[in-house]
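Combine both chains into one complex, guided by the hints.
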Amino acid sequence: MADQLINQVLWPVIYILCIVLPLVIAVAMFVYWERKVIGWMHVRLGPNKIGPFGILQAFADVVKLLIKEVILPTKANRFLYFMAPLIALIPALAAWAVIPFSGQMVLSNANAGILYLLAMTSMGVYGIIIAGWASNSRYALLGAMRSAAQVISYELAMGLCLVCVLVLAGSLNLTEIVNAQAGNKGILEWFMWPLLPVFVIYFISGVAETNRAPFDMAEGESEIVAGFHVEYSGSAFAIFFLAEYANMILISFLASILFLGGWLSPFPASWGFIGHGGFIWLFIKAFLMSFLFLWFRATFPRYRYDQIMRLGWKVLIPIAIVWVMVAGCMKFFDVVTVGVGA
Amino acid sequence: MNPQTLQLICFYAFGFVTVAAALSVISLKNTVHAVLALVLTFFSAACLWLLLEAEFLALALIVVYVGAVMVLFLFVVMMLDIDQEKMREGFVKFLPVGLIVAVVMLAEMLGLVGVRAMNAHVLGQNPAVAAGMSNTEWLGHALYTTFLLPFEIAALILTVGVVAAVALTLRERRDARYETPSQQVRVDPRNRVRIVKMAAVRPDEPTASQEPQS
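Line by line, the protein sequences are chains Z and U.
Following the numbering used here from start to finish, the first sequence increments by one per residue and tops out at 342.
Following the numbering used here from start to finish, the second sequence increments by one per residue and tops out at 1214.
One chain only, chain U, in its complex shape (with noise of 0.2 angstroms):
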């Protein structure tokens, strides 16, 4: 078997899996399941990534979103109650307004990819391979010499939005008790045991204990 025969067989298994997961995202009846097939898509999508030689990508894309996005996920959607026939109540009302929407996103796709392809140019050589590095050592060079500004700025909006994130949603309570830390570490014995020095006494011994030995 040829190398490239093997990659088109893995490349449609891979597909067919990322599809059928990502239909079971939306059609799983439990949100729990719905939630650990979203896993298995970004999953097979890596590997589809992993094929194309993105090497980095893809391992970015498992490490972020498979092994952080998605654990945060599952612990919100564990955490819900959600009652599955109420959920399901409006489904046909609103069927008609899904489909129509459904259709306009599909033609706009299929025009947009119409016009792509009309002046669709071959894509050249992978330029990693042309430059005779790996994957992650072109995508480093590139992002910190070509790209350095706009990936700076990336950087700097993302950190804005951790920030305001964080100033949105913290609120500090007055009622809550806090404990400093450094403070515990600092906490003198002395201060809160006090150690008596006496010299050991014995009690008196009771007179009844003695009356049978004499």
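The shape of chain Z in the complex, shown without the other chains (with noise of 0.2 angstroms):
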């Protein structure tokens, strides 16, 4: 029974900790570097008064939103309003279960590991939803009803970007897919290349997914003031700030997993040391994807509502449907040979 309890919930709740403590200081050094980047793009110096480099300011951040009061709207649903923070956030940690860091190195090694990953990034918009409704006011209405269409509109075309990856793999196992993608060439062997429409595509919703620039209509500063989260303010607005850099970062490592070999080293394996594959790897590839969401935000203009459906029905769509049968017809004449096994 101790033996039991030892092995099946105390080391389990261990490994979770070992990937949620991690992923939380990284929101806030993203959040750090996000501001960093963004002020060097505007020709600024970004936070530079707290701590060294102000590395310190998310901390600081933190530190004030946990000491504000949180308001509660007149009207507003009381038990809908405090649980939507913890909707949006559940999802958006539940994820990270399957998530391969290297060969060995995953929390739960599922069989459907891209249907469970659908499956928790789909529930994110919950937290929205319910958050916008529940806060009796107009504008996070009206921020709730944009993302709830734009979540479901961009959903079908990373899901079908997913079939084409699974397609090649073979597997729905995130570690099977990235072994598919192991091979004497290195970079060349990636899904990167026989993909690269799907590749793009599939960033491009994952930037919808998580409501971010230039598809942030869900907040839409300029228009509904800040969408969704208007109401909320002290820690569960943090809790909503954790949840989409959460997502964020997810999604930048998914893109690396399903597209750029994961924890594969980019160098053919004969090269010695930097052709071993390791979750470095990994982190690199990631870091540089979720750079883009940065990039994206100052660099891009908001897009319009019908220009968000348009785009993502009449082009994205399109393409990844033909691309389905692309790579249907890749796997079926070995134009693509799949994984040697790492």
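No wet-lab data here; the hints were simulated from the structure.
The beta carbon of each residue, even a glycine, is placed where N, CA and C say it ideally should be.
Any given hint could be a false lead.
[Claimed, not checked] Label-pair ranges, simulated between beta-carbon atoms: (1) U/Gln1183 with Z/Gly328: 30 to 36 angstroms; (2) Z/Val20 with U/Ala1176: 45 to 51 angstroms; (3) U/Arg1173 with Z/Pro22: 38 to 44 angstroms; (4) U/Phe1073 with Z/Gln4: 40 to 46 angstroms; (5) U/Arg1116 with Z/Pro22: 52 to 58 angstroms; (6) U/Ser1182 with Z/Glu223: 40 to 46 angstroms.
[Unchecked claim] Facing chain U, a subset of chain Z residues (Cβ under 8 angstroms, in silico): (7) Tyr116; (8) Met123; (9) Val125.
Structure, rendered in structure tokens:
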């Protein structure tokens, strides 16, 4: 009994903490990095007062948010108003369970890993919708409506991209998908090349799914002040913030795992030390992908509602459907060599 | 604790949540709360399927119903402004009819269960386990080999449904203005703006400012 408790309860909890705590710190550092990068792009300095180079700014903000008062609007739905941030946060954290950090480092090596991820990311929208409705505010409701329509449209394109990947890899398991991208030619073996359009579509849909600029209609600070979380303050707001950034980092990791060979090295295995795979490669790739989020935010103007819908339904989904067939043909005629195994 | 007891406890826990959530769908006063209770019902039903090792069906239920269908439901219900008192007025009037329908349905279901129980046969081993494959893999093989034709027919019927739904609801408005994005992209700036080159000119300096200097 005690053995069982330790093996099946204590260790999993420790593993989960090993993922969640670094994730929360990564979110804090990512916020700092975002403000710094956008500052440089605007020819400003960015945060530079707290700690060396302003590196403690994010932590100061967390303390500030936690000691602020949480305001409940009149006639707001009390229960749902406080549940909404949690409903947003839980899927954002739960999705990390199936992310493989290296060949052996994975919390749950689930057979249907991709499906699980799709299920978790599709549930994140509830937090936004419920927050928008429970706040009893017109701006918040407008933000929730926009977000619901947007997330549903881009989920389709995202699902079709995942279909391409799993057709080539022949598995729903994320570890096997990465292993399918292993080979003697390093970077040339990644799914990014045979699935280049799909890779681009996947990342665009990922940006749209996380409600980030240029798809940040749900917030739209210049039109509907801050959208779904306009009424939230203090720690409730901080949780929304945490969920959004955890989702961004998740999308970066997923893009790296599905299309950029996960923990595999970009160099051929024969190159010795740098040819070996390791979690450091995954982190470098995810860092580069997450930098794109910041770059987009600093450079692109926000899409209009009809433009977003047009892009999703009339451009991304048709291309993705065609590429599902192309991927099927690639698989059938053995154009792509899949996985020598790592 | 052996795994089977744990599984049984989990089954009853999920089953209880499913039934309680399903009951609250029809008993809650607030429509948004009712939709959220329906979401919970689907979710715990998916958990029950996971216990049966039907992982593909469970996750597909969450992706399709929780992730997409119910979001649209919620979307519509949030926009509605339903007068609860008015909706409740007919409750007593229609109660007898409702009860009769409920009793008939219960009797039919009990009859069906009884008939099934008479010629019940024990289910064989889980075919996925027998084939040594994961549930998803086995389902894929079965759908795309043995049941290919019914599967394709179902897909075709769904496509027809989609086309019909769009055809029925799509009404083009004559007075609405549309813009064609491809046309917008193809616009040549030279047709819109004329850039004129001219040398810099200084305006004539007013005489009033010159006077104090001289």
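So, going through the hints one by one against the coordinates:
Checked against the hint of 30 to 36 angstroms, the C-beta distance between glutamine 1183 of chain U and glycine 328 of chain Z comes to roughly 35 angstroms, which is consistent with it. Look at valine 20 of chain Z against alanine 1176 of chain U: about 49 angstroms separates their beta carbons, and that is inside 45 to 51 angstroms. Taking the beta carbon of each, arginine 1173 of chain U and proline 22 of chain Z are about 53 angstroms apart, not inside 38 to 44 angstroms as hinted. Distance hint check: the CB atoms of phenylalanine 1073 of chain U and glutamine 4 of chain Z are about 41 angstroms apart, consistent with the given range 40 to 46 angstroms.
As the Cβ distance of arginine 1116 of chain U to proline 22 of chain Z is approximately 53 angstroms, the hint placing it in 52 to 58 angstroms holds. At about 26 angstroms, the CB distance of serine 1182 of chain U to glutamate 223 of chain Z disagrees with the hint of 40 to 46 angstroms. Evaluation of the tyrosine 116 of chain Z hint against chain U yields a held restraint, the C-beta minimum of about 6 angstroms falling below 8 angstroms. With its C-beta approaching chain U no nearer than about 6 angstroms, methionine 123 of chain Z sits inside the 8 angstroms limit, and its interface hint holds.
Among the interface hints, the one on valine 125 of chain Z holds; its C-beta lies about 6 angstroms from the nearest C-beta in chain U, closer than the 8 angstroms criterion.
Violated hints for the displayed structure, listed by number in ascending order: 3, 6.
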